[in-house]
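S.K.: Protein chains in written order, with this note's numbering: chain A, 1 to 110; chain B, 1 to 164; chain C, 1 to 89.
It is worth saying that the hints were derived from the structure and are not from the lab. Among the hints, erroneous ones may be present.
What the hints assert, rightly or not - Result set (BS3-like, lysine-lysine): computed pairs, CA atoms no more than 30 Å apart in a straight line:
#1 LYS80(C) - LYS109(A)
#2 LYS151(B) - LYS109(A)
#3 LYS83(B) - LYS151(B)
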Amino acid sequence: MDSLIEWLVSASVIIGGVFALVGSIGLARLPDFYTRLHGPTKATTLGVGGTIVASLLFFSWQERGLQLHEVLITLFLFITAPVSAHMLAKAAMHRQLKRMKGTRGEPWKQ
Amino acid sequence: MKLMYRVLPYPSLSLILWFAWMLLSGFTAGHAVLGAILAVLLPLGTRPFWPNVPRIRNLPRLLGFVMVVLYDIVVANVSVAIKVLGPLRSIRPGFVELPLELEDDFAIALLASTISLTPGTVSADVSPDRRTLLVHGLDVDDAAALVAEIKQRYERPLKEIFEC
Amino acid sequence: MLETALSIALALITLAWVLNLYRLIIGPSLPDRVLALDTMYINSIALIVVYGIQVDSKLYFEAAMLIALIGFVSTVAVAKYVTRGDIIE
Numbered sequence: 001m002d003s004l005i006e007w008l009v010s011a012s013v014i015i016g017g018v019f020a021l022v023g024s025i026g027l028a029r030l031p032d033f034y035t036r037l038h039g040p041t042k043a044t045t046l047g048v049g050g051t052i053v054a055s056l057l058f059f060s061w062q063e064r065g066l067q068l069h070e071v072l073i074t075l076f077l078f079i080t081a082p083v084s085a086h087m088l089a090k091a092a093m094h095r096q097l098k099r100m101k102g103t104r105g106e107p108w109k110q
Numbered sequence: 001m002k003l004m005y006r007v008l009p010y011p012s013l014s015l016i017l018w019f020a021w022m023l024l025s026g027f028t029a030g031h032a033v034l035g036a037i038l039a040v041l042l043p044l045g046t047r048p049f050w051p052n053v054p055r056i057r058n059l060p061r062l063l064g065f066v067m068v069v070l071y072d073i074v075v076a077n078v079s080v081a082i083k084v085l086g087p088l089r090s091i092r093p094g095f096v097e098l099p100l101e102l103e104d105d106f107a108i109a110l111l112a113s114t115i116s117l118t119p120g121t122v123s124a125d126v127s128p129d130r131r132t133l134l135v136h137g138l139d140v141d142d143a144a145a146l147v148a149e150i151k152q153r154y155e156r157p158l159k160e161i162f163e164c
Numbered sequence: 001m002l003e004t005a006l007s008i009a010l011a012l013i014t015l016a017w018v019l020n021l022y023r024l025i026i027g028p029s030l031p032d033r034v035l036a037l038d039t040m041y042i043n044s045i046a047l048i049v050v051y052g053i054q055v056d057s058k059l060y061f062e063a064a065m066l067i068a069l070i071g072f073v074s075t076v077a078v079a080k081y082v083t084r085g086d087i088i089e
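Just chain A, same shape as in the assembly (with noise of 0.2 Å):
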């Protein structure tokens, strides 16, 4: 049993420490802002999320006992995420940032 945990906790912790990481390479390495804001979706929710859910595991085991409040993290990233992306999205627009070539439709005018 107490293996099982700690394969799940391992497994969880470093699922979440690859999708951070696949965020930021997202971010340094796409052509244009509007692809860059992708980069930081997959940070904050397989990113943090496994990691939290690694640290859940491991409370709860070592606690005897469900520990919950590390989801509070995730449920208030969940819900700010997207606000902080959509404030960012019309900021670029309203500066008129450049777009990658083959970008198909049109922002609109701010």
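Once you have looked at the hints, place chains B and C on chain A.
M.R.: Just chains B and C now, with coordinates in the frame of chain A:
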């Protein structure tokens, strides 16, 4: 019933507040009482900030919706990760206009948040008349298919949940 | 095994942090820099949570929660400032 509505104008908000308080402070009897007091007082105090929040009409549908969104987040994360790590020439980003059927502001905000949470799509703007949502997709093969998928997977359940 | 996994995760998130720093420095536009800062605070939360598991202390939860609260407010404030030139109109 009327008295209950006066004391608890937003029952689900009160429940969420109480539960958040319990998670933050630990499940003890004292905190249960303190949390209950806060869960009654806070919605009353912040009432002017909550204009016309629609009531949840279909709770099982809401739970199903949350499950679908969580599943989509995992699947979309993996597919976007592959696109980000692969050759960048093959991705075709695009702005897509999504005509809205939802009429309630709160439901539209939920739809926009859902679209932004699933990787690969970000909702960038909503038109002043609340009829169109501007969505940026990281890799849009077919704009019409993306619109149809969002409508079918997210908008229709929201419409059923709030019946608006 | 858990120790190794935690070290690997810390290394991955730190690497992610360095990439954010790279984007923060090269920009090129102001929204790009704000986005880099936004990603940075989210990765910091992940870093603190993993560190909390490593040292087996629940105290770090409060720190992660505070960073989440402050990070969100500051991103929105800066984004709004970039858009409107004013935070509270």
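S.K.: Give a verdict on every hint.
M.R.: Hint by hint, here is what the structure shows:
1. LYS80(C) - LYS109(A): It holds: about 16 Å lies between the C-alpha atoms, which stays within 30 Å.
2. LYS151(B) - LYS109(A): Holds - the C-alpha atoms of LYS109(A) and LYS151(B) are around 25 Å apart, at most 30 Å.
3. LYS83(B) - LYS151(B): Holds. LYS83(B) to LYS151(B) sits at ~24 Å (cutoff 30 Å).
Violated hints for the displayed structure: none, as all numbered hints are satisfied.
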